[in-house]
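S.K.: Sequence:
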Amino acid sequence: MKTIYKSPEGKKKIIEMYDKLKNKLDTKFESVYVTTRFGKTHILLGGNPEADPLICFHGGNVVNPITLKWFEPLAKHYRLYAPDTIGHPGKSDEVRLQPKSDEYAQWVCDMMDGLGVTKAKFIGPSYGGGILIRLAAYAPERIEKAVLLVPSGIAGGKMTNMLNKILIPLAAYKLFPNEKNLIRASQAMFDSEIDSDLLLQIKYVYDYVKLETAFPSYATMEELSNYQAPTLLIAAENDVFFPAEDVIPRAKEVFPSLPKTITLQGASHYQNERNLKVIIEEIEVFLT
10 MKTIYKSPEG KKKIIEMYDK LKNKLDTKFE SVYVTTRFGK THILLGGNPE ADPLICFHGG
70 NVVNPITLKW FEPLAKHYRL YAPDTIGHPG KSDEVRLQPK SDEYAQWVCD MMDGLGVTKA
130 KFIGPSYGGG ILIRLAAYAP ERIEKAVLLV PSGIAGGKMT NMLNKILIPL AAYKLFPNEK
190 NLIRASQAMF DSEIDSDLLL QIKYVYDYVK LETAFPSYAT MEELSNYQAP TLLIAAENDV
250 FFPAEDVIPR AKEVFPSLPK TITLQGASHY QNERNLKVII EEIEVFLT
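Per our numbering, the sequence shown runs over residues 10 to 297.
In short, the hints are calculated from the structure, not lab data. Among these hints, one or two may not hold up.
[Said to hold, decoys possible] Listed next, with one range per pair, are the computed distances between beta-carbon atoms: (1) D122 with A223: 30 to 40 Å; (2) Q274 with T169: 36 to 46 Å; (3) L209 with G275: 32 to 42 Å; (4) S40 with K128: 29 to 39 Å; (5) P265 with D111: 44 to 54 Å; (6) F185 with T127: 44 to 54 Å.
[Stated by the list, open to error] Using 27 Å as the maximum straight-line C-alpha spacing, the simulated BS3-like pairs for lysine-lysine come out as follows: (7) K31 with K15; (8) K269 with K78; (9) K154 with K286; (10) K22 with K109.
Positions of the beta carbon are idealized from the N, C-alpha and C atoms, including for glycine.
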């Protein structure tokens, strides 16, 4: 059986970290599993059981609780469904999908059918934003409202920037895996002091996971022509992967309904506590 992990020991460490981060959340989340055409999907389910469903994806090559922590304040208003992206670190099956095809959208539809959810509000951060955009192109009727946070799937930053700030430092870390090189390989993703939990999860992923390097394809006006759900786009000025200056203008060209866009000034890909508070406030108003 193919695996996304470099060793059984590495997988064990990733799952242990997953459980530790989940247990640090203030909200109680239960684990449920849904079978899709691509394999079994693990979902963290919590929040108000009487409220509307809100499906929260996570970023690529990170474990679900890292991102879920950002959106946890929304649990008082919504029933949160947070799936472990299939083929990424976590508890779903280790099946890598073709991100430039309809497979991620089909996976989401199967998951929603298994949960008995016909239509929902969504949040898609980073890689999860690209997955959400694939769903918008494939099955727009499943989306009531959408929030895209520093998303893939619209436009990317300059390759020279990523090469100098991420790829070369990452190569140095792989050759000489010490804390100094780890910080150098991670610093460009942050705009302030690096969160210790997030830094450890980055280290574990670099050390133990075969990274997913393929991203969802960029959306086109034609494939989103039937997508009418109101969409909030939040991008970061200094995002090394998906900078606001590239993402927002193109999003305005391809999305039929984009009532609001926000640029996080001075911010990078991962957000500090101050920005997260602003983000949650904006999301709460938008989703209401």
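S.K.: Tell me the numbers of any earlier hints that the structure contravenes, in ascending order.
M.R.: Result: hints 1, 2, 3, 4, 5, 10 break, sorted rising.
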